[in-house]
Amino acid sequence: MFELTLQAIYSGVLTGGYYALVALGLALVFGTMKIINLAHGELVLLSAYIAYTAESQFGLNPIAAIPFALVLVGIVAVAVYLLVGRIKRDRELNSLILTFGVGIILTNFVLLVWAADIHSTTTTWFQEAVVVGDVLFSSRSEILFFLVGVALVFATWWWLSRTWYGRAIRAVSSNRDAAMLMGVNPRQTEILSFVVASVLATVAGIAIYTGQVIQPSLGHALTIKAFIITVLAGMGSIPGVLLGAVLIGVIEALTVTYWSSALQEFTGMVLFLVVLLVRPQGLFGFGARRG
Amino acid sequence: MKNRLLAIAVAGAVALVGVAGAQAQEKIVLGSHLPLTGKLARVGTGMHEGITVAVDMFNRENDGKYTVELITIDDETSPAKAVAAVEKLAGEGVVALTGGYGSNIIGPASEAANKAGLVYITSGGVAPELSKRGHKGFFRINNTEGYSKAMMGLLKEMGVKKVSILYNNKEATTDLAKTVEKDLSDQGIEVVLHAFDGGTSDFKPLVNKVKLQDKPDAIGMVAYENDYVGILKAGSVMKPDVKAVVGVWSLATSKMNEEFHDLVQTVYGTSMLPFPAEFTSPEAKEFAETYQKLHGTEPDYLGQFGYVQTKLLLEAIVRAQEAGTLGSGGLAEELRGADANTLIGEVKFDENGDNPLFSHRMGQHQGDKVVLVWPKDAATGEMIFPATPWSQ
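Chains as they are written, first to last, in my numbering: chain A, 1 to 291; chain B, 292 to 683.
Accuracy of the hints is not assured; some may be wrong.
Coverage of chain A stretches by chain B, computed from C-beta distances (three or more under 8 Å per stretch; other residues unrestricted) [stated by the list, open to error]:
| hint | stretch |
| --- | --- |
| 1 | 169-178 |
| 2 | 259-270 |
Some chain A residues flagged as far from chain B (calculated, every beta-carbon gap over 12 Å) [stated by the list, open to error]:
| hint | residue |
| --- | --- |
| 3 | Phe58 |
| 4 | Arg86 |
| 5 | Ala151 |
| 6 | Val195 |
| 7 | Leu277 |
Calculated from the structure, these hints are not laboratory results.
Cβ coordinates follow ideal geometry from the N, Cα and C atoms, glycine included.
Here chain A stands alone, though its shape is the one from the complex (with noise of 0.2 Å):
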């Protein structure tokens, strides 16, 4: 019992790592710009597709197609903000809206390009065992991807609170015109986030192109993950991101190993909205100021 239990933690754990790098660029962009992004998870999807063109074709390691995806998914990402960037009225609304629509396309790219087979890494390095104590068991790649993942969530929450470019994006969420006033440039700041977003998305397609199966379909699923995780953590919260996504994660795994399989999707969603009932700003969210 007791060894399951660890297990099912660990596991939990580092499966939230995986979940805070896929949310971190929703979060990014949910957060600062108020803009739900639901082309998100597609992204994340192209970066993982970049990584197995990078091995299957040309023999690369996954992690050397960083490069590569940056480049292809950041031109996608600011493509979007593009288009986003038109919606005068009700830009919360319709962005949602529009970016679904460009989700949608994407997805369908991806099957054009590479049609509808699963892929999942072919290096043997990150799919071998790491065992710990033999108790705990998980592979190289959750290890690694876990670290990463934190890393950069700290290394975003730094750069959004400590540089001038992070208090640019976080003066035009709060007031547009007072930011211009101040010298920001709204567009360009808003450009810098979405290319921020695509970078994290791009670690994030790689980490789940070497830890799982990959395949058109994914995207959408990937974007719901992260929504719940963003809107669980709190907008603005960066930190919280990865708190709220480990809590999912070793809710799922306890469920998976005390309860049913078949209800891990439910209970992340139970926890989901009893928090937003509880705390409806979130776990680490601020609420709204009366008077």
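Since the structure of chain A is already known, use the hints to place chain B on it.
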């Protein structure tokens, strides 16, 4: 004047012969709906390839008498879109329908076909309920029992005493898992069932539960490609002490062997053909050659099923047409009355449109090949047992 009249008469006679010749070649419009995009795109595409091979071979064999025009609509792995596709095809005057993948999609789609009075033949839906609705025009060449017979037969031959079955909680996989559980339990083999959601990406907690709590002799998987890979990856990390890993559809294929070579070694799955495929009969050889010509690849079991169901349908259409009963419900009767020897064995439909003679075979990944290991009379090699990918 006389010469002019003669020339007109000759021209008229030639035109009449031409028209008569054209009319002698009857056009059969066949409809098909399949998931060419969405979650089931890979299997839908495989079946579609087999259907096109059947149409191509039929048109060549019947050149001058019949020609088939195939209209295929992508149902995008969506039940609602499959229904819309069937209604559209019915509106376009198709004679019958072949295709469909996924019991949850075939159910509503074949309901729509039944309402439109169209015969519907498939190999993509094994849920038992599909053939219990009283639809006279519904036919399928495979079923849950055939898969269960194969899995049970193999496990019995292995002599295992306890099996843990991990199954996707979709309708068809749930039905098959429960059928296998009942069949194995009837044989005195202990079975533990574990359902999982189709969205599961990390199977380690589940495999750990099997490893520490169940401690079975073998792990069974009733799922789809992405699930198999996830379970096997988790197994490679957790290394449960079992003697065999046995799956069903979409596992013992050349694609899985090429894409996930190390991960699937010694794993079993249902397969009608070994890989590399060995075709011995003239029909099988022509099927393989046409498949290669049209699609540039070797056929797999999906293409084989798509081919067989469509060939049976087209032959029945021709018989009904020649009997003059095609337009008055004769097609279903022709199909029900057929007893055909096909690439998947004998096919004979019962009153519910099911093929009770269907029994699958089991293949095992051995190196670069898929070797048929069960039943003995179809085996192309011996099974490697006990063995798992992580014990290699």
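Subject >> Violated constraints from the hint list, given by number and in increasing order >> reply: Violated hint: only 1; rest satisfied.
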